[in-house]
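Novice: Listed here are the chains, written in short residue letters.
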Amino acid sequence: MKSDEIEKIDTPMFGNKWILRWEASRELKEKMMIEAGLRTPRVVKSKEDINGLCIVKLHGAAGGRGYYLVWDKASFEDGAKQLIDQKVIKSHNDLYIQEFIRGVPVYLQYFYSAITGDLELLGIDRRYESDIDGIGRIPAKQQLGAGVEPSYNIIGNIPLVLRESLLDEVYKMGESFVRAAERLVPPGMVGPFCLEGVYDREGKFTTFEFSARIVAGTNLYLDGSPYSGLVYDVPMSMGRRIAREVKTANKKGKLGKVLT
Amino acid sequence: MKSDEIEKIDTPMFGNKWILRWEASRELKEKMMIEAGLRTPRVVKSKEDINGLCIVKLHGAAGGRGYYLVWDKASFEDGAKQLIDQKVIKSHNDLYIQEFIRGVPVYLQYFYSAITGDLELLGIDRRYESDIDGIGRIPAKQQLGAGVEPSYNIIGNIPLVLRESLLDEVYKMGESFVRAAERLVPPGMVGPFCLEGVYDREGKFTTFEFSARIVAGTNLYLDGSPYSGLVYDVPMSMGRRIAREVKTANKKGKLGKVLT
Amino acid sequence: MKSDEIEKIDTPMFGNKWILRWEASRELKEKMMIEAGLRTPRVVKSKEDINGLCIVKLHGAAGGRGYYLVWDKASFEDGAKQLIDQKVIKSHNDLYIQEFIRGVPVYLQYFYSAITGDLELLGIDRRYESDIDGIGRIPAKQQLGAGVEPSYNIIGNIPLVLRESLLDEVYKMGESFVRAAERLVPPGMVGPFCLEGVYDREGKFTTFEFSARIVAGTNLYLDGSPYSGLVYDVPMSMGRRIAREVKTANKKGKLGKVLT
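Protein chains in written order, with this note's numbering: chain A, 1 to 260; chain B, 1 to 260; chain C, 1 to 260.
Hints are computed from structural coordinates only; laboratory data are not their basis. It is possible that some hints are incorrect.
In this list, chains with the same sequence are indistinguishable; a pair is considered to hold if it fits within one copy or across any two.
[Said to hold, decoys possible] Below 20 Å or equal to it, Euclidean Cα-Cα: the simulated SDA-like pairs (lysine to any residue) are: (1) Lys57 - Lys141; (2) Lys141 - Ile50; (3) Lys17 - Leu255; (4) Lys204 - Gly117.
Make a model of the complete structure from these sequences and hints.
Specialist: Quick look at the structure:
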């Protein structure tokens, strides 16, 4: 379903339906992350400027397919040629280049209550992607012998917890995102969202995507997560949290705050 | 314990003891997977036919030891020579070659109730193998400098959940396996079993093994899994599920359906 | 806080505060692991003796930063020069060299009750480190093209369970550690501790560190782990286990056994 189709739905829905357009568009997405003051990968304007490891993505790509890694102009052009030959893209214009952040991927699952103004961290995971998360099981010698072109198709999610000293920044990033959404897309972020990025070797988080809605990683925590357990006495899945928010809003006569 | 020793046990046991022979034999195992219509790795008949990344396995190997990766005839012969020198095998005849499926390993834990005819997905995991799951932590330069020969010894299991859109096929594969077992090894699949394979970059699952019994990955879920929680209101481990099946069978006078 | 500052604290604290000095000092740590009969990585006395993959560490390094892998004298000196240039170390004397154990990292979380004399395994995890656990997602070609210097900064923890046949040795190692601590640092190991190491391709565990206190990996199991569930009928986090021990000690008039 396209953004304007979602926006035309008359039935009130939980969450902010206007923000989904910001998730779907590369430009709006970057505008939101910059407004929130999040560290984002440097955009490389031209293949001439590639200096060090970069990732090449398709505009509007679904599920990470077609991404590839380059380290100079020649490796960029090799990859683009293959995608053109495979008719995945028409020209270089369908591609954009980002600095590749070296580190470990982490997905932060939040819930923001527009009723209480509280931000809750309900779970953390990492994605499990094919075949990129399998190539580490092929030794370098065999990778070079047989050739490897990684792909980033999402297959599942693996649970994790973060080093405690990182949690302060996790909450700050979530709060900044909520404030930015309030300014850019009223009524702002309502309910579940996810910041998706990489922790580098300095323990700094670079956000490369956000999801302004419930994400698949929450399926790990149908029975609650190590984080939800710090906030709630009952097993709190993201689905249950949403249901509870709707109930609370209804009871307090504030449904208008959580529906769009 | 060998298959014919198990089959000679007089005491009735839960599950289908006749199916364990199909798990132990390479040929019977492949026959079962083909009967179930599962996608399996292409068998490479001869070292002359190696074209692209392949995995070489020992007939009847335990725990993944001795497996190695090749991409041409020369790399096959190098590996075989080492195993012969180490007296792990006697000749090339102890080896068979399979297409290497690039992707991420996933283990699907099912329970089939011969009483109700219901198939239940009770958990999903990935194995943690030494030293193959450690070589990704050695940079390519050091791998090439110091040399790497991967091994696949099972050390443990890591929990995961699958992308939701993949679950439909997960159930279909499980159902097909149950139907194939009914045809080939009456009374068919009774209780826990596991399909073991790899999701490739297209999100397609290739099965390379099955276990027609309880598997170690279920140890992750002694307190229930994100999947068992969708079926049961109580924490449902695989052990508890088996115990419950025996009780139900006994109550309904259908013990004959779950014992062999 | 330094070891002698901790030792000067007058307020009684749970655990053995004298053992923290043994964790902080490289020499004392090795003495303890040898006393416990644990398999440890061979120390390589001199860069002249490097033969095969080795890891170079900083004395007293925090969180795994600055570690690097070498396979000969030249690669050792390259890495040392970089750390000197970056002013991380002053000379080769700040470095020590260990045999690199090929395998998969595993962290074993124990609780020893000085009241009952029981050793409990309460959880198992693996660390998630940046950027070493991300480099496997960079294909060998790109690693060699762009260059890779791994770092070992701890970002989080991932849950796992072990192959059952390994658990016997897990308990034996824990018991040996408890006995060694009793002999070397009275009153011995009190409460939570962690053995940190690698399972190699033979399924043998090599310990490279211990923590004589609660560790971050226990954050995975605020609601209990697959192992704690075998010992306790209630969700048993490490924090709850400590609280329960203090209560029990108080009730039995044995607080002196768990406080220092």
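Novice: Work down the list of hints and note, for each, if the structure agrees.
Specialist: Quick rundown of the hints versus the structure:
Taking CA atoms no more than 20 Å apart as the test, lysine 57 paired with lysine 141 passes between copies only; the shortest distance there is 19 Å, against 27 Å inside one copy. Taking identical chains as interchangeable, the C-alpha atoms of lysine 141 and isoleucine 50 lie at most 20 Å apart only when they sit on different chains, with a minimum of 17 Å there against 27 Å within one chain. Taking the closest pair of Cα atoms, lysine 17 and leucine 255 come within 20 Å of each other only inside a single copy of the chain (15 Å); across copies the shortest separation is 54 Å, beyond that limit. Proximity of lysine 204 to glycine 117 under the C-alpha cut-off of 20 Å is found in neither arrangement, the shortest distances being 26 Å within a copy and 43 Å between copies.
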